[in-house]
Amino acid sequence: MTQSVVVQVGQCGNQVGCRFWDLALREHAAVNKKGIYDEALSSFFRNVDTRSGGDGPGIYKGKICSLKARALLIDMEEGVVNEILQGPLRDVFDSKQLITDVSGSGNNWAVGHKLYGYQYRENIVEKLRKSAEHCDCLQCFFIIHSMGGGTGSGLGTFVLNLLEDEFPEVYRFVTSVYPSGEDDVITSPYNSVLAMKELNEHADCVLPVENESLFDIVNKINQMINSGKLGSTMKQNSLVTSSAGSVKTLQEKPFDAMNNIVANLLLNLTSSARFEGSLNMDLNEISMNLVPFPRLHYLVSSLTPLYTLADVNVPSRRLDQMFSDAFSRDHQLIQADPKHSLYLACALLVRGNVQVSDLRRNIERLKSSLHFVSWNQEGWKTGLCSVPPVGHSHSLLALANNTCVKPTFIELKERFMKLYKKKAHLHHYLQIDGMEQSCFSEAVSSLSDLIEEYNELDATKGVPGTDPSRLKIAV
Amino acid sequence: MSIVTVQLGQCGNQIGHEVFQSLCSDIRGTHGLCSKKENQSYQDACKERFFWEEESGVPVARAVLVDMEPKVISQTLSTAARSGCWKYNNQSHFCQKQGSGNNWANGYSVHGPRHKESIMNLVQKEAEKCDRLGGFVTIMSLAGGTGSGLGAFVTQCLRDAFPTSFILNHVIWPYGTGEVIVQNYNSVLTLSHLYRSADALLVHENDVIHKVCAQLMNIKHISFRDVNQVIAHQLGSVFQPTHTPEGGPNYSRNPLGDLMETLVPHPEFKMLGLRNIPQIPETSLPYSTFSWPGLIKHLRQMLIANAQMEEGIDWQVRPPPAGSSTPSSHSTKRPLHFNTSIANLVILRGKDVHSVDLGSFQDPCLYTSWLNPQDAFNAWRTPRAFNKYEKSASLVSNSQFLLKPLDSVVGKAWNMFASRAYIHQYTKFGIEEEDFLDSFTTLEQVISSYSTL
Numbered sequence: 001m002t003q004s005v006v007v008q009v010g011q012c013g014n015q016v017g018c019r020f021w022d023l024a025l026r027e028h029a030a031v032n033k034k035g036i037y038d039e040a041l042s043s044f045f046r047n048v049d050t051r052s053g054g055d056g057p058g059i060y061k062g063k064i065c066s067l068k069a070r071a072l073l074i075d076m077e078e079g080v081v082n083e084i085l086q087g088p089l090r091d092v093f094d095s096k097q098l099i100t101d102v103s104g105s106g107n108n109w110a111v112g113h114k115l116y117g118y119q120y121r122e123n124i125v126e127k128l129r130k131s132a133e134h135c136d137c138l139q140c141f142f143i144i145h146s147m148g149g150g151t152g153s154g155l156g157t158f159v160l161n162l163l164e165d166e167f168p169e170v171y172r173f174v175t176s177v178y179p180s181g182e183d184d185v186i187t188s189p190y191n192s193v194l195a196m197k198e199l200n201e202h203a204d205c206v207l208p209v210e211n212e213s214l215f216d217i218v219n220k221i222n223q224m225i226n227s228g229k230l231g232s233t234m235k236q237n238s239l240v241t242s243s244a245g246s247v248k249t250l251q252e253k254p255f256d257a258m259n260n261i262v263a264n265l266l267l268n269l270t271s272s273a274r275f276e277g278s279l280n281m282d283l284n285e286i287s288m289n290l291v292p293f294p295r296l297h298y299l300v301s302s303l304t305p306l307y308t309l310a311d312v313n314v315p316s317r318r319l320d321q322m323f324s325d326a327f328s329r330d331h332q333l334i335q336a337d338p339k340h341s342l343y344l345a346c347a348l349l350v351r352g353n354v355q356v357s358d359l360r361r362n363i364e365r366l367k368s369s370l371h372f373v374s375w376n377q378e379g380w381k382t383g384l385c386s387v388p389p390v391g392h393s394h395s396l397l398a399l400a401n402n403t404c405v406k407p408t409f410i411e412l413k414e415r416f417m418k419l420y421k422k423k424a425h426l427h428h429y430l431q432i433d434g435m436e437q438s439c440f441s442e443a444v445s446s447l448s449d450l451i452e453e454y455n456e457l458d459a460t461k462g463v464p465g466t467d468p469s470r471l472k473i474a475v
Numbered sequence: 001m002s003i004v005t006v007q008l009g010q011c012g013n014q015i016g017h018e019v020f021q022s023l024c025s026d027i028r029g030t031h032g033l034c035s036k037k038e039n040q041s042y043q044d045a046c047k048e049r050f051f052w053e054e055e056s057g058v059p060v061a062r063a064v065l066v067d068m069e070p071k072v073i074s075q076t077l078s079t080a081a082r083s084g085c086w087k088y089n090n091q092s093h094f095c096q097k098q099g100s101g102n103n104w105a106n107g108y109s110v111h112g113p114r115h116k117e118s119i120m121n122l123v124q125k126e127a128e129k130c131d132r133l134g135g136f137v138t139i140m141s142l143a144g145g146t147g148s149g150l151g152a153f154v155t156q157c158l159r160d161a162f163p164t165s166f167i168l169n170h171v172i173w174p175y176g177t178g179e180v181i182v183q184n185y186n187s188v189l190t191l192s193h194l195y196r197s198a199d200a201l202l203v204h205e206n207d208v209i210h211k212v213c214a215q216l217m218n219i220k221h222i223s224f225r226d227v228n229q230v231i232a233h234q235l236g237s238v239f240q241p242t243h244t245p246e247g248g249p250n251y252s253r254n255p256l257g258d259l260m261e262t263l264v265p266h267p268e269f270k271m272l273g274l275r276n277i278p279q280i281p282e283t284s285l286p287y288s289t290f291s292w293p294g295l296i297k298h299l300r301q302m303l304i305a306n307a308q309m310e311e312g313i314d315w316q317v318r319p320p321p322a323g324s325s326t327p328s329s330h331s332t333k334r335p336l337h338f339n340t341s342i343a344n345l346v347i348l349r350g351k352d353v354h355s356v357d358l359g360s361f362q363d364p365c366l367y368t369s370w371l372n373p374q375d376a377f378n379a380w381r382t383p384r385a386f387n388k389y390e391k392s393a394s395l396v397s398n399s400q401f402l403l404k405p406l407d408s409v410v411g412k413a414w415n416m417f418a419s420r421a422y423i424h425q426y427t428k429f430g431i432e433e434e435d436f437l438d439s440f441t442t443l444e445q446v447i448s449s450y451s452t453l
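So the protein lines, in turn, are chains A and B. By my numbering, the letter at position 404 of the first sequence is numbered 404, and the numbering carries on one by one without gaps. By my numbering, the letter at position 449 of the second sequence is numbered 449, and the numbering carries on one by one without gaps.
Here chain A stands alone, though its shape is the one from the complex:
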């Protein structure tokens, strides 16, 4: 069994991360009835004896004493991290696995990346090494951050770089929250584009998320509850947005519901690596199957169902509806419509009581309405995990490498260019040591190249390809 370490950077990263750990505990509590520290738990948690302090050697077998998250919390201001450490989850975090500062990054990528990066480099490496040492077999680093700010964006991508240098064999999966059009941070396009270059070059897989989509999903669920149609029959803890049953049940903060969705994304992504099933899908398989060319590693995700009704028997119709929903526009976690764009690859990770025949039936049913690139007409990767998420009997995570990310990137570039042409706010960045105009031109160039790669692929859509002629053998 392998372990993963979560690095949460910045306000957004830490808030999402906090929800992740909360829901992870909830999930394991539901599965692990005996209180024995098992392999599944060890993928994200260490088991320590509190008497020797949180830093003690891990206990590998036997009962759970005290679980510590395999996490590193980084923020250049103290507010968010302090709140976590005073909240109900304080015991889950190792007090030594934090890096904080006081003044924040001022929504400035350069401050996060160049200034704090340089300042905290040794410290970060040391703490990463520590968490790696605690792992028997470290497979993956998960970075959670936002693109629009200063710390998550700048320092977060600095950490990404560092991970590639120090731990080249370990996978780097990045969950990035992209700014929406009406973002109130004026410099978010600069920060995002500068961060994109780093993601292009150093990440193995990126799971982009947009606040607008999360917001729409939350609204949709609220509408369903409030309309009274399904309210009483909906299992509260099954809502993909809910914290019900987790440690933190008191006041739900405004972003909690949205952050829970992202937390659930990560839980579902890693479920097959942690729990058993008839067709396992590990993280390295995700990277292998969904990344046909090194730079095209942006995966659009969707989670279904958004909630479960309380009735026990699930007729196949509802199961099939789950599959259909996974491809609909309003279940995607970014503003994109994969159905009308070109698929390079698609992964379906099913959890719970679903069999291979259900999977195959739905793939057959749906594939005619989807466009796959000519050299990957049957580009499906499937996984079956027996353990469903809390509150559900089954669920589906769809990951698509699809050209529908292109509009998001194009918009980002346009917003960037609007500011850059006028050189607005540029001086805030250029005054940072190590930052030059070329950083900007290189970053936008990297983004343009990426967009171009997607354009070339889109051009092949719908064009009937001729199969390349096969090798001829002399008889």
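Take every hint as true, because none was put in to throw you off.
Cβ-Cβ distance ranges computed for the label pairs, FRET-style:
no., chain 1, residue 1, chain 2, residue 2, range
1, A, Arg365, B, Leu437, 36 to 42 Å
2, A, Met224, B, Pro286, 48 to 54 Å
3, B, Gly176, A, Asn219, 36 to 42 Å
4, B, Arg114, A, Pro468, 31 to 37 Å
5, B, Leu437, A, Glu83, 56 to 62 Å
6, A, Lys423, B, Arg420, 38 to 44 Å
7, A, Ser227, B, Gln75, 42 to 48 Å
8, B, Arg114, A, Ile36, 29 to 35 Å
9, A, Glu364, B, Glu38, 46 to 52 Å
Derived SDA-like pairs: lysine to any residue, alpha-carbon spacing no greater than 20 Å straight-line:
no., chain 1, residue 1, chain 2, residue 2
10, B, Lys220, A, Gln321
11, B, Lys404, A, Glu378
12, A, Lys418, A, Cys439
13, B, Lys351, B, Cys34
14, B, Lys404, B, Pro319
15, A, Lys461, B, Asn415
16, B, Lys297, B, Pro364
17, B, Lys428, A, Arg295
18, A, Lys33, A, Val387
19, A, Lys472, B, Ser419
20, B, Lys220, A, His394
21, A, Lys472, B, Gly411
22, B, Lys97, A, Glu39
23, A, Lys472, B, Pro405
24, A, Lys472, B, Glu434
25, B, Lys428, A, Glu166
26, B, Lys47, B, Cys85
27, A, Lys220, A, Gln335
28, A, Lys96, A, Ser66
29, A, Lys472, B, Ala418
30, B, Lys351, B, Arg28
31, B, Lys428, A, Phe167
32, B, Lys404, A, Pro468
Derived by calculation from the structure, the hints in this document are not laboratory data. Cβ coordinates follow ideal geometry from the N, Cα and C atoms, glycine included.
We have chain A; now place chain B onto it with these hints.
Same frame as chain A, now just chain B:
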């Protein structure tokens, strides 16, 4: 003679478990329809072939379990032990922590050399436990990373370490509509490598078995377990003890050798397909009767028309009239209607086997002209019934059965290769474009050979 089974990867281990389970439940059953003495002899032969006994009397499977991540093996070991009637040797497994990530290159070039010694040690130990080693059967899938990549490497090692032993690769052909996106690459690389080291490849296609489950076994929600159980039944029908024509009253002592001798006359032709009839839900067994002439007629037509099971057979297909040559075609556009065979083996088990007329299988127009029809066709008849089927017939065929699937997989892989998609994932671990080209060439050669039969 004993057979050592090497189970590789998730698929290999899951199927291997069902196989041993099926063998055990067959020998313990009272459905043999034969004398007690005969039954005892059958049990002993099966045990010698597949199990050794420990002091407690529980049969231990002659198997080595290999996987690059621990979850499946630990499940397999515990489920077997729980059955109470057989188990695996707790020492006889090797696993790592991280898996192969569906990457053939990772399985072959990284895990292979790294773990060669440990794995071969385990194999050596199992081989030494056999009084007489009859050979190796490996079970693996083509689509993934461990079964396929590490499996290809291990097969090579087996060949190097046991140059005179028989090696049969039992391979699982993935569903046509992806389980794994890079499955065609992995399949091409595996098949080409296995072809060089193994004596024969016995193929089961997921699509075919899935259809059997859906249409013959009437299973509504087919799980991998259902598929694996059908595969295990079909394998059991081939590998359980049989009488060969020369063997006299005793069971054959060299099953793999006999198989190779009858079916693989030429090293260029190693692809074996398997069909088994009848296949019906277990609950229907007590209410069904079959006649040998009916079964044989269906089996023969399944062979000729390349049918996947006993329903939906195309009865229009007829062997070409004697003297004319069968149309050969390389392109996939013109389907080959008539399935030409190199050699066939029919295994009959159950009531009245000795009275069955198999003359229809000896018709020379079913075969190529190289072998005498008497040599091209063989039959093994065993009165002891198998797995509760009063009458059961299996066909192991070295014919054009697998030509279309092979052509399809190579075509799709080539199509993907032309755009160089995913290649960076392989070169990362040391498999270069040239290696791909070599594999393509090897398989195009095999396709060409089978097409021009």
